[in-house]
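Given these sequences and hints, build the entire structure.
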Amino acid sequence: MLKNIKGFTLIELMITVAVIGILASIAIPNYSIYIKKTRRTDAQTVLLQNANILERIYTTENKYGESGVCSTSIITEAPIDGTTKYYDIALSNCEPSTYTLTATPKGSQSSDGKLVLTHTGRKGWDKNNNGTVDFSDDSENKW
Numbered sequence: 000m001l002k003n004i005k006g007f008t009l010i011e012l013m014i015t016v017a018v019i020g021i022l023a024s025i026a027i028p029n030y031s032i033y034i035k036k037t038r039r040t041d042a043q044t045v046l047l048q049n050a051n052i053l054e055r056i057y058t059t060e061n062k063y064g065e066s067g068v069c070s071t072s073i074i075t076e077a078p079i080d081g082t083t084k085y086y087d088i089a090l091s092n093c094e095p096s097t098y099t100l101t102a103t104p105k106g107s108q109s110s111d112g113k114l115v116l117t118h119t120g121r122k123g124w125d126k127n128n129n130g131t132v133d134f135s136d137d138s139e140n141k142w
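Here numbering that gives the first Met the number 0 is used: the first residue of the sequence shown is 0, the next is one more, and so on.
If you are wondering where the hints come from, they were derived from the structure by calculation, not from laboratory data. As the structure is a computational prediction, the values presented were derived from the model and not from experiment. A portion of the hints provided could be inaccurate.
[Stated by the list, open to error] As a list, the in silico SDA-like pairs of lysine to any residue whose alpha-carbon atoms are at most 20 Å apart:
{"#": "1", "residue 1": "K122", "residue 2": "S110"}
{"#": "2", "residue 1": "K35", "residue 2": "K141"}
{"#": "3", "residue 1": "K113", "residue 2": "P78"}
{"#": "4", "residue 1": "K122", "residue 2": "D41"}
{"#": "5", "residue 1": "K36", "residue 2": "D80"}
{"#": "6", "residue 1": "K141", "residue 2": "G120"}
{"#": "7", "residue 1": "K36", "residue 2": "I79"}
{"#": "8", "residue 1": "K122", "residue 2": "E139"}
{"#": "9", "residue 1": "K62", "residue 2": "C93"}
{"#": "10", "residue 1": "K105", "residue 2": "G130"}
Next comes the structure, spelled out in structure tokens:
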């Protein structure tokens, strides 16, 4: 007489493993894209915070800087919190009435392309990661 044996068959187990594998193959790349976007948003936030710092300087001194000499009080890495930094922040083209802030990705974020913010509020993202932000290209003249 056969006893009623309870448990999973090998086929049931393999189907479960296959379903988990398919779900993981969809979820992991989407998660990676989400992480890059989040890090990019952190850099955008730091660029805007630096723009606020420079605008406060302009309000009190009526200039951003002196012929290439810029404020050293800007935030130089993003994100502000955490130990791993994914962007270097630089201030360039600093003149009495102009400046350009640039966030250059590094480490695991390096394939994302740099972000730019100018004194006029113009925002750009080097979406194709060719080293320059083309403001005439609609896909690169915004964040």
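Task: Distance restraint between K35 and K141, which requires alpha-carbon spacing of 20 Å or less - done: Roughly 17 Å between the alpha carbons, so the hint for K35 and K141 holds.
- [ ] Compare the distance between the alpha carbons of K113 and P78 with 20 Å, and conclude whether the hinted pair is satisfied.
- [x] Since the Cα atoms of K113 and P78 sit roughly 14 Å apart, the hinted pair holds (cutoff 20 Å).
TODO: Sort out whether G120 lies within 20 Å of K141, counting only the CA atoms.
DONE: 11 Å, holds
Open item on the list: Would the hint linking K36 and I79 be met if the CA-CA limit is 20 Å?
Closed with: 16 Å, holds
Open item on the list: Need the status of pair K122, S110: alpha-carbon distance at most 20 Å?
Closed with: Judged against 20 Å, a Cα distance of about 19 Å means the pair holds.
Open item on the list: Holds or violated: K62 and C93, Cα atoms, limit 20 Å.
Closed with: Holds - the C-alpha atoms of C93 and K62 are around 10 Å apart, at most 20 Å.
TODO: For the pair supplied as a hint, K122 and D41, confirm whether the alpha-carbon distance does not exceed 20 Å.
DONE: 15 Å, holds
Open item on the list: Between the alpha carbons of K105 and G130, is the straight-line distance 20 Å or under?
Closed with: 13 Å, holds
Task: Pairwise hint evaluation, D80 against K36, where the allowed Cα distance is 20 Å at most - done: 17 Å, holds
- [ ] Below or equal to 20 Å on CA atoms is what counts here, so check K122 against E139.
- [x] Holds: K122 and E139 sit about 9 Å apart, inside 20 Å.
Hint check: no violations occur; every hint is consistent with the structure.
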